[in-house]
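Asks: In order, the protein sequence lines correspond to chains B and G. Take the first sequence: its letters are residues 1 to 353, numbered as in UniProt numbering. Take the second sequence: its letters are residues 1 to 397, numbered as in UniProt numbering.
No lab work stands behind these hints: they were computed from the structure. All of these numbers come straight from a predicted model, not from anything done at the bench. Among the hints, a few may not be true.
Said to hold, decoys possible - Mimicking DSSO-like on lysine-lysine, the simulated pairs with C-alpha atoms at most 27 Å apart in a straight line are:
| hint | chain 1 | residue 1 | chain 2 | residue 2 |
| --- | --- | --- | --- | --- |
| 1 | G | K46 | B | K245 |
| 2 | G | K26 | G | K48 |
| 3 | G | K294 | G | K310 |
| 4 | B | K245 | G | K266 |
| 5 | G | K266 | B | K95 |
| 6 | G | K5 | G | K46 |
| 7 | B | K106 | B | K156 |
| 8 | G | K48 | B | K245 |
| 9 | B | K38 | G | K288 |
| 10 | G | K26 | G | K5 |
| 11 | B | K154 | G | K14 |
| 12 | G | K310 | B | K230 |
| 13 | G | K246 | G | K288 |
| 14 | B | K156 | B | K38 |
| 15 | G | K243 | B | K27 |
| 16 | B | K72 | G | K111 |
| 17 | G | K243 | B | K38 |
| 18 | B | K267 | G | K294 |
| 19 | B | K267 | G | K101 |
| 20 | G | K288 | G | K337 |
| 21 | G | K288 | B | K199 |
| 22 | G | K199 | G | K111 |
| 23 | G | K26 | G | K14 |
| 24 | B | K106 | G | K14 |
| 25 | G | K323 | B | K267 |
| 26 | G | K378 | B | K38 |
| 27 | B | K333 | G | K337 |
| 28 | G | K266 | B | K27 |
| 29 | B | K333 | G | K310 |
| 30 | G | K53 | B | K245 |
| 31 | B | K273 | G | K48 |
| 32 | G | K254 | B | K352 |
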Amino acid sequence: MARTDFGPPDFREMLPPVIKENYGQWKYHTVPRPGVLKHVSYSGAVLHSVRVASPRLVSSDFIRDISDIAEKYCDGFLRFTTRNNVEFLVSDEAKLQPLIDELDAKDYLIGGVGLSISNIVHTQGWIHCKSAVTDASGISKNIMEDLKDYFTGKIKVPSRLRIAVACCVNMCGACHCSDISIVGIHRTIPRVNDELASKICEIPTTIAACPTGAIRPNPKAKSVTINSEKCMMCGNCTAVCPAIKIMDPVNDGVSIWVGGKLSNSRKAPMFSKLAIPFIPNNPPYWPEVTDAVRHLVEVWASHAREGERMGEWIERIGWERFFKLTDLPFTNKHIDDFTHATTTFRSSTQFKF
Amino acid sequence: MDEFKTPLLDELEKGDWPSFVSEIKKAAKTSPGAADLLRQLELSYKEKVGHWKHGGIVGVRGYGGGVVGRYSDVPEEFPHVREFHTARVNQVAGFFYTAEKLRQLADVWDKYGSGLYNMHGSTGDIILLGTTTENLQPCVDELSDIGFDLGGSGGAMRTLSCCVGKARCEKACIDSTDIIRDLTMHYQDVIHRPQWPYKFKIKVSACPNDCAAASARSDLAVMGVWRDALRIDQEAVREYIAKGFKINEQVVNKCPTEALSWDAEKQELNVCTEECTRCMHCINVMPKAISIGKETGATLLIGGKVPVVKGPMIGWVLVPFMKMEPPYTELKDLVDKITDWWADNAKNRERVGELIERVGLANFLEVIGLKPVPQMVKAPRHNPYIFWNPEEVEKRG
Ligand code: SF4
Ligand code: SF4
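Input sequences plus hints: build the corresponding full structure.
Replies: Given below as structure tokens:
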């Protein structure tokens, strides 16, 4: 029998000597040029990390190529970031410029460090997820193509800005706490295939899966019915019963959320809040989505103070001002009606006209 | 370009940002699965709908999860993605690799799968994207030969992940990579054999900047903090100022707790430690002059999760401070208490945060034996409907 439960390779075996020797001894870091981090240890040792963009979905060719580059300039040591960038770990400073030159020659985009817009954290989309309402990779590619000068540091931003794309309301990938998130949504309730449901559907589990109690048994058909007044189109039921389908190519699309953050820096973490309730799916370019994201970035960048994240800026100026400055319509969709709705209502005369 | 007949996707090969379409095409040179994946995706772009369906459960010997079944709903058109399963491979803590290890991985995956990866998936695993039922077992066997094990799926402890930590960050208060390594080895059984009502995630960020997104993306977030004074190197502060750094504007006035003051006469930056909430701002903007304190440990937050089912949550403070020294026994004991209670009481697909919301934080604290402290709340209750246990009131005759 094959061995089991041996765990991943030990990270200690994957560290370059300079890290092993200075583990826990780093004193500070600087950003000598966009996309490059210089870490200095209390011992005086120096490590440079060069960060490049990745599409996250990569091929073996890509893996081999970055491995070859790492071998040539970094004694084979490299890592990935939590935002899916690749980092080349350079111990020998003399190899830094040659590495950058080769990366440039091979069209790798260097950037995503510090005051920049880093890589998008995103989900599978149509490429490999069964509940995808949109294609996260396609949207991400278009947005980053449009914002690449913010990644490479050509255009500066007041603070870092995190973008996330999730292809459904499950919001895998920190969409509920990003400066800007794009989330696939449904606008029509699921359809039940009664005949199939009567054969394969576990009715009690399906009923229990609905957070709003919208699902009732339909004993005549040995199936279930969905109450359109209660259903909030979350798709939970479709995850437990294959006879329920919610995909609707005509009405599905994406929503845009803003002002979330995770870092405790200055202000506590914040949820992302609804800015644009619906934009239709328009592949391959999703131009309306790309334009909306650029617009939000530009309004924020021109109004925020130095160091102010999107959410901090909005909190300072107020949401009423945010909607005015961005010229986005405020609609009944923006008013929460779910579990913690009332905590978002205003109980004060302190607001702006 | 014409060979796949994917005019819509071909558009996404243009431009400077790296293209996932080009990546799929590279893999498609040798993998019929990748080629059909591309063609099926083109169909999705045309029809604006996905083409994956519910399917049978797949598995490998000795594991209850780690591989996820995926089936095309148009298999006649795209036979090579009829079965296109995922293997979740536990990543190296901190996402560190050597060229040699990555090449070994590519060799195995080219042999048994599509040659496509997510580096990395949302939870942290290396996602091997697309293989057949038949190839799963030999693939996993060979992965094991090169030292890669599966991650978690289903109602299991999911693959743990963390920030870069002490390996390369001056702000690391705790050894996030070591904690993840230790916990991953300790919890192999519950990672590999789903036995819980739903997923349970643990993430470790070594400081409150939370680069691992722990507080939002894990049921139990371990976040590095310190509880003594942050350290100020006055000489380095003066160097910043000599270079034109505006200390009042950029740091003192932005400290949310007004804990900092600049003594212009003495040329000294002072901190009132009792007021500082470790918001990281001053450290982030003056990394050469200000650093984390010496008495380090972790704040634990419970209940972070995405919207499913009852709306998104950011974790709540459960333990304001816990020492983090190997073998992390106190942390493991707490994890066991929490997961035991949750496994016994949760409904199907109920995350621990939702269960706590349902039964109340105070009740939860009582069962796991933690004392309520003000650090756990933003404010005490503002309604008068207080529950009293019979033992807490006088008996009436
Ligand atoms: S989509 Fe969500 S709300 Fe609607 S019936 Fe299904 S589970 Fe209930
Ligand atoms: S860490 Fe934050 S709260 Fe503490 S002194 Fe610095 S700016 Fe103020």
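Asks: Compare the distance between the alpha carbons of B/K38 and G/K288 with 27 Å, and conclude whether the hinted pair is satisfied.
Replies: Status holds; Cα separation ~12 Å.
Asks: Check whether the Cα positions of G/K288 and B/K199 lie no farther apart than 27 Å.
Replies: At roughly 66 Å apart (the allowed maximum being 27 Å), B/K199 and G/K288 break the hint.
Asks: Assess, step by step, whether the Cα of B/K106 is no farther than 27 Å from the Cα of B/K156, and give holds or violated.
Replies: Roughly 25 Å between the alpha carbons, so the hint for B/K106 and B/K156 holds.
Asks: Given the hint that B/K267 pairs with G/K294, does the C-alpha gap stay at or below 27 Å?
Replies: Measuring from Cα to Cα gives roughly 23 Å; hence the hint holds.
Asks: Mind checking the alpha carbons of G/K288 and G/K337 for me, to see if they're no more than 27 Å apart?
Replies: violated, 41 Å
Asks: Would you check the hint for G/K243 and B/K27, treating anything up to 27 Å between C-alpha atoms as holding?
Replies: Roughly 20 Å separates the two Cα atoms, so the pair holds.
Asks: Does B/K230 lie within 27 Å of G/K310 when you go C-alpha to C-alpha?
Replies: Holds, at about 14 Å.
Asks: Regarding the pair B/K156 and B/K38, is the alpha-carbon distance no greater than 27 Å?
Replies: Distance of about 20 Å is within 27 Å: holds.
Asks: Does the structure keep B/K154 and G/K14 at a Cα separation of 27 Å or less?
Replies: holds, 20 Å
Asks: Please verify whether G/K254 and B/K352 have alpha carbons no more than 27 Å apart.
Replies: holds, 24 Å
Asks: G/K266 and B/K27 were given as a pair; does the straight-line alpha-carbon distance stay at or below 27 Å?
Replies: holds, 25 Å
Asks: Would the hint linking G/K266 and B/K95 be met if the CA-CA limit is 27 Å?
Replies: Given that 27 Å is the threshold and the Cα spacing comes to 43 Å, the pair is violated.
Of the numbered hints listed earlier, those contradicted by the structure are 3, 4, 5, 19, 20, 21, 22, 26, 27.
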